[in-house]
Amino acid sequence: MTANLVLIIGSTAALGQALAEEYAKTGCPLMLAARDLAAQREVAADLRLRYAIEIHEFFYDANDATCYRALIDSIVAVGIPRHLFFVVGAIGASRDLYSAQAVESLTRVNYLGAASLMAEFLPILIGAAGTRVTFIGSVAGDRGRAVNPLYCAAKSALDTYAQGIRQLLQPQRVGVCLVRLGYVDSRLSYGRTPRALTLTPSRAAALVKRACENNRSIVYIPWWWSIVMAGIKMIPELVWKRLSPF
Amino acid sequence: MKVRRAGSPRTPVRWEQLSPWALRPSITGPVFRPAFVTEIPQYLQNDVNGGLLAVGARTAYGDACVNPGGYHLATEQLNKMLAFDGSSGRLTCRSGVTLKDLLNFSVPRGWFLQVVPGTMRSTVGGAFACDIHGKNHHVQGSFASTVSEIEIITADGQTRECSRVVNPELFWATAGGLGQTGIITKLTIQLLKVESAWMVVSQVKTRDLDHTMTASESSDWPYSVSWIDSLARGRPLGRGVLTLARHATTNDMRHMSPSLAPFPDFRTTRISLPFFVPRWLTGSLTWRTLNGAYYGLHRTSTQPFLTHFRPYFFPLDGVSHWNRIYGRKGFIEYQIAMPAATASAAFREILERLSSSGNASFVAGIKCFGAGNPGPLSFPIKGYTLAVDMPATGETQALLLRRLDEAVTRGGGRVYFVKDSRLTPSVVDAMYPRRREWAETVNGYDPEGVFTSSLVQRLRLRS
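Those sequence lines, one after another, are chains A and B. Residue numbering for the first sequence follows the numbering used here, starting at 711 and increasing by one per position. Residue numbering for the second sequence follows the numbering used here, starting at 103 and increasing by one per position.
These are computed hints drawn from the structure, not numbers from a lab. Don't be surprised by glycine CBs; every beta carbon is placed ideally from N, CA and C. Please note: incorrect hints may appear among the correct ones.
Subject to a maximum C-alpha distance of 27 Å in a straight line, what follows is the list of computed BS3-like cross-link-like pairs (lysine-lysine) [said to hold, decoys possible]:
(1) A:Lys-735 to A:Lys-951
(2) A:Lys-735 to B:Lys-202
(3) A:Lys-735 to B:Lys-295
Derived list of chain B stretches under chain A, where covered just means 3 residues or more per stretch with a C-beta under 8 Å from a C-beta of chain A [claimed, not checked]:
(4) 113-123
(5) 134-144
(6) 183-194
Partner residues are not named here, just some residues of chain A that face chain B (Cβ under 7 Å, in silico) [said to hold, decoys possible]:
(7) Ala-749
(8) Ala-755
(9) Ala-838
Using the sequences and the hints given, assemble the complete structure.
Shown next, in the form of structure tokens:
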């Protein structure tokens, strides 16, 4: 494990950029991975200029199964990161529910990609005590809703997967953190969430970083979503299914 | 939550309250917000009913930065710095980088922007599109003089590079072009080497308008601007305080204050004006008292002293929402540029009329301008500029200002579009004789009129 090395998968997402900046401020060398390499190049150039840190840029596309192995190889060539963040996510459109192809793609982006990459990464993590893996899940994973069943299901799968490997990696002293993220100002939420309840990416990144450093297992960000979701989970299915879709 | 989508159903858009700095007009409109420049063509392909306007920090005073009935494209996330050469001081960045962000980056490295306006909330893209000027216009020129290259996405979705050599016509139509040529995505800016973050400042109290104007012209300091008491009438009309400044060198620091760090961390105060000040509180008596006190408190001339660049260049940035001082109805900043030959007489007439009708306040200034640039819509012309803030009132004020517009036109002067929210189309061609030439260039790049703004429609700039 290389001291302070941070890997962010999904570096061009609003939260990914903010997380990268949060660690860049403290001088940590970064490994960034994203699908849009041109955008990532810009993010990296900006961070290099402002914080004079070492940054490695990699390609990751959840829908391109061939890139997983290559990504792991290039990561290992640099060093085993101390922190891993999976920030990739997509909500999709309501019509995606009716296209098998879109269903698969959304599931890959939100869950399968992370699990597949971890499949290659697990053997390396075993023996890398002190490493932290953080998955950015969503409060949507707590209960399925008619507006985006695919997103809810994929985030729920990610949530459950994180629980499983947390138990698996516990003896290896590798921490697994799952963030159940509420509203954050990003491309996903732009124009869709009430502004007063929406976190800025930099605030969310600071909270994610803190949760990861405190070795939390499951954390709601912001915290009050834990109360909201506890309430929502208590609604009996008999009632939930009859609510008008929201 | 009201969500309406343009064109493709998946284009994210947000409805926002949009107000220019002078709060006229305040509107609610849809805003796109690309995270990277590669997304911009997608917004141009949408059916943008009512046109599109790229907006930065919306620090323009008037309706140049709003597009009622149409769409806005916020550049706030196009805020990446791309390259910086620490030996030559050339910085390449995206258009949504704010001046504050840029200065926070460059000043500790010993580089400063060559031209800065009175606020650092503005973006570099906005500064270029408005061709803003600073206190050193008489020696440096406007913001365009510091920009060597820009990249712009025109209405057809094409990315075009332009500079003084490549596509010069597009470059100059964009400088001061109010966002009508396309969306500026990248700028290369030449910075100025400085030895400290401090300014050497000297002040001279002036007796009357002639004194104010001659004193500001005869100085050989790079930064020069006069605050004037816009309510003084008769003989002291145009009296004020001339502030001269230059960047402090290591030598200055050694002589004036050896203990100061050259590039200190500047602690900002977070003062905000939390409410709209009611109009009855800010009548002309208030301003008269304030102006008298400010003028009276200054000595005839001072020994040069050191000030950090932030309170020197951006004193009003210390109070967020200071624009609320004039109340909910907003205000007008009447800023004009006049050739040297007619400036004195015109300023005298304007100040006399504004002051006698109570249309004045604390914020008013005079500064000398150097030569203009090839931008057809660029505001500065060789001579002087006068700016007076006043609370927006009613029809009487509108009539008075229209009469002043005529006086300005007769003297070969012009009103600054970026500060304007009230000018009428009839005087525009006299003020900006190359307006038609500009419109032809712009319409060549944007034949279907994708880009527009409230100001462009009000003044029929593109017809």
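Results for each hint:
For a cut-off of 27 Å, the pair hint linking Lys-735 of chain A to Lys-951 of chain A is broken: about 46 Å separates their Cα positions. Proximity of Lys-735 of chain A to Lys-202 of chain B is assessed by CA-CA distance (about 18 Å); at most 27 Å being required, the pair is judged to hold. Under the criterion of a C-alpha separation no larger than 27 Å, the hint pairing Lys-735 of chain A with Lys-295 of chain B is consistent with the structure, at around 26 Å. By the rule of at least three residues with a Cβ nearer than 8 Å to a Cβ of chain A, the coverage given for the stretch 113-123 of chain B holds, with 4 such residues.
A stretch counts as covered by a chain when three or more of its residues have a beta carbon under 8 Å from one of that chain; for the stretch 134-144 of chain B and chain A the count is 4, and the coverage holds. Interface restraint, the stretch 183-194 of chain B with chain A: holds (4 residues with C-beta to C-beta distance below 8 Å; minimum three). Here the hint on Ala-749 of chain A is kept, as its CB sits about 4 Å from the closest CB of chain B, short of 7 Å. A least Cβ separation of about 5 Å between Ala-755 of chain A and chain B falls short of the 7 Å threshold, and the interface hint therefore holds.
For Ala-838 of chain A, the interface hint is violated, since its Cβ never comes within 7 Å of a Cβ in chain B; the closest pair sits about 33 Å apart.
The structure is inconsistent with the numbered hints 1 and 9, although it conforms to all the rest.
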